[in-house]
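By the working numbering, the letter at position 387 of the sequence shown is numbered 387, and the numbering carries on one by one without gaps.
Worth flagging that the hints you see were computed from the coordinates, not collected in a lab.
Note that the coordinates shown come from a computational prediction; the quantities given were computed from them, not determined experimentally.
Heads up, the beta-carbon is just placed ideally off N, CA and C, and yes, glycines get one too.
Take the hints with a grain of salt, since some may be wrong.
No more than 16 Å apart at the CA atoms, straight line, and that leaves these computed lysine to aspartate or glutamate pairs for EDC-like [unchecked claim]:
{"hint": "1", "residue 1": "Lys132", "residue 2": "Asp221"}
{"hint": "2", "residue 1": "Lys137", "residue 2": "Asp52"}
{"hint": "3", "residue 1": "Lys132", "residue 2": "Asp215"}
{"hint": "4", "residue 1": "Lys132", "residue 2": "Glu243"}
{"hint": "5", "residue 1": "Lys419", "residue 2": "Asp175"}
{"hint": "6", "residue 1": "Lys137", "residue 2": "Asp215"}
{"hint": "7", "residue 1": "Lys137", "residue 2": "Glu214"}
{"hint": "8", "residue 1": "Lys137", "residue 2": "Asp221"}
Here are the computed distance ranges between Cβ atoms for each label pair [claimed, not checked]:
{"hint": "9", "residue 1": "Gly135", "residue 2": "Asn277", "range": "40 to 50 Å"}
{"hint": "10", "residue 1": "Phe272", "residue 2": "Gln217", "range": "17 to 27 Å"}
{"hint": "11", "residue 1": "Gln176", "residue 2": "Val201", "range": "45 to 55 Å"}
{"hint": "12", "residue 1": "Glu214", "residue 2": "Gly271", "range": "35 to 45 Å"}
{"hint": "13", "residue 1": "Trp253", "residue 2": "Tyr51", "range": "24 to 34 Å"}
{"hint": "14", "residue 1": "Ile250", "residue 2": "Leu448", "range": "46 to 56 Å"}
{"hint": "15", "residue 1": "Ser220", "residue 2": "Pro344", "range": "47 to 57 Å"}
{"hint": "16", "residue 1": "Tyr262", "residue 2": "Gln59", "range": "36 to 46 Å"}
{"hint": "17", "residue 1": "Phe272", "residue 2": "Ile200", "range": "19 to 29 Å"}
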Amino acid sequence: MLQAAGAICARVSRQFIPNPFIFAILLSAVVYLMGIVITHQSPAQMVGHWYDGFWNLLQFSMQMVVILLFGYVLASSPPVRRAVSRAAALPRTAGQAVMLVTVLAVVFGFLSWGLGLIVGAIAAREVCSQAKSRGIKVHYPLAAAAGFSGLIIFNFGLSASAPLLVNTQNHFLADQIGLIPVSETIFSPANLITFLAYLIVIPLIYRAMHPNPEDVQEVSDDEVVAEQPNDAGQEDGTTTLAEKLENAAILNWMLVVPGLGYLVWHFYTNGFDLNLNLVNFALLVFGLIAYRTPMAYVNAIDDGIRACGQIVLQFPLYAGIMGMMAGSGLVTVFANWLVSISTPGTFPLLAMVSAGVVNLMVPSAGGQWAVQGPLLIQAGQSLGVDNAVTVLAFGYGDQLTNAIQPMWMLPLLGVTALKARDVVGYTAVMMLFAFAIFGLGITLLPPLFG
1 MLQAAGAICA RVSRQFIPNP FIFAILLSAV VYLMGIVITH QSPAQMVGHW YDGFWNLLQF
61 SMQMVVILLF GYVLASSPPV RRAVSRAAAL PRTAGQAVML VTVLAVVFGF LSWGLGLIVG
121 AIAAREVCSQ AKSRGIKVHY PLAAAAGFSG LIIFNFGLSA SAPLLVNTQN HFLADQIGLI
181 PVSETIFSPA NLITFLAYLI VIPLIYRAMH PNPEDVQEVS DDEVVAEQPN DAGQEDGTTT
241 LAEKLENAAI LNWMLVVPGL GYLVWHFYTN GFDLNLNLVN FALLVFGLIA YRTPMAYVNA
301 IDDGIRACGQ IVLQFPLYAG IMGMMAGSGL VTVFANWLVS ISTPGTFPLL AMVSAGVVNL
361 MVPSAGGQWA VQGPLLIQAG QSLGVDNAVT VLAFGYGDQL TNAIQPMWML PLLGVTALKA
421 RDVVGYTAVM MLFAFAIFGL GITLLPPLFG
């Protein structure tokens, strides 16, 4: 039954899900027309609102680029690859292999969504390759789908966009909600219990979806994880002063030592207080440690920057959408509508569902929060819902439909050499079970922990 459901979802995704940039363009056009029709703005006024907002998220865009890039680079580092390779030797059955990939992706995804995305991809390839060498037939597309699990839970964890942003000084909603500490969002009992439920249930779901041996598509023989060589000198064996500096480990440590010192001081004086800037800084420091020399880290950055292009391209469009919605009054209109169909008890679930739908059109938690955050906060406050619960509900919905939104699959697909249609069917089935976990978690648990 699960295999059949996955196949149906895969066919639908191939027919109807275009490149995410197309979504951004179409959503811009839809919001533009809604401003004219619903709030009676003139076409010229809507263009003005669009441009007024177009460059308002440059700082936030850079924060999103950095968190993906530094997480990507750390996940691709030799120490992480070696750890994944050692773990890949543990499974003794195909089911255990798929469950291991899921757990690795989820655990690292909790630490950082960029880290979880690449570790999950590397784990899928390495686990399947080692299993094949031991005569264990593992369905490679299913393992790759399991490796994407970190993007379905990242808003539970330490790189959750909205929870970190609302705990960052001078964020764009600071006047409405102030600062919300991560103790009320990421580290709230309700959030942690929901995360643990996912971590326990979803590996079992992926295991249940594994096809019969005769239907297994194994990893190809040329799919191997190789570490990049470190070119430390010229072809003739001589080393210039410039090359010695580029490969001097002490230069990395000139950044690492004060960086670690600041992190220790911050947590000692502020407790476990996180924000976007601090997470990005920590990823940089640990990445410098992992790569040892400046040029090794520079080369890794050059390789990873390609994964960030969609953020750079699309965030100005999301900012323009936010400008149109705020300037035209659409935010107020939609907030009032959401209030009219909600009660304080049902609002978190409805907010989660709405965030899941919008994520299909704005496939970036940061860009989506810029567009939808003001609406949800206004609606939640009107109903007396705690701002932290609204932030969590948004995050749950945003991460949920990543399962059928191919934008963030691109790095994983590049590592695994698969296509989106190979994995989306399995992630779509998983999404149905995740919806039940997230929905129950956001509806029932926050009232219990007050």
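Going down the list of hints, with the structure as the test:
no.: 1; hint: Lys132 - Asp221; result: holds (9 Å)
no.: 2; hint: Lys137 - Asp52; result: violated (56 Å)
no.: 3; hint: Lys132 - Asp215; result: holds (15 Å)
no.: 4; hint: Lys132 - Glu243; result: violated (41 Å)
no.: 5; hint: Lys419 - Asp175; result: violated (44 Å)
no.: 6; hint: Lys137 - Asp215; result: holds (10 Å)
no.: 7; hint: Lys137 - Glu214; result: holds (9 Å)
no.: 8; hint: Lys137 - Asp221; result: holds (13 Å)
no.: 9; hint: Gly135 - Asn277: 40 to 50 Å; result: holds (49 Å)
no.: 10; hint: Phe272 - Gln217: 17 to 27 Å; result: violated (43 Å)
no.: 11; hint: Gln176 - Val201: 45 to 55 Å; result: violated (36 Å)
no.: 12; hint: Glu214 - Gly271: 35 to 45 Å; result: violated (55 Å)
no.: 13; hint: Trp253 - Tyr51: 24 to 34 Å; result: violated (46 Å)
no.: 14; hint: Ile250 - Leu448: 46 to 56 Å; result: holds (52 Å)
no.: 15; hint: Ser220 - Pro344: 47 to 57 Å; result: holds (53 Å)
no.: 16; hint: Tyr262 - Gln59: 36 to 46 Å; result: violated (20 Å)
no.: 17; hint: Phe272 - Ile200: 19 to 29 Å; result: holds (24 Å)
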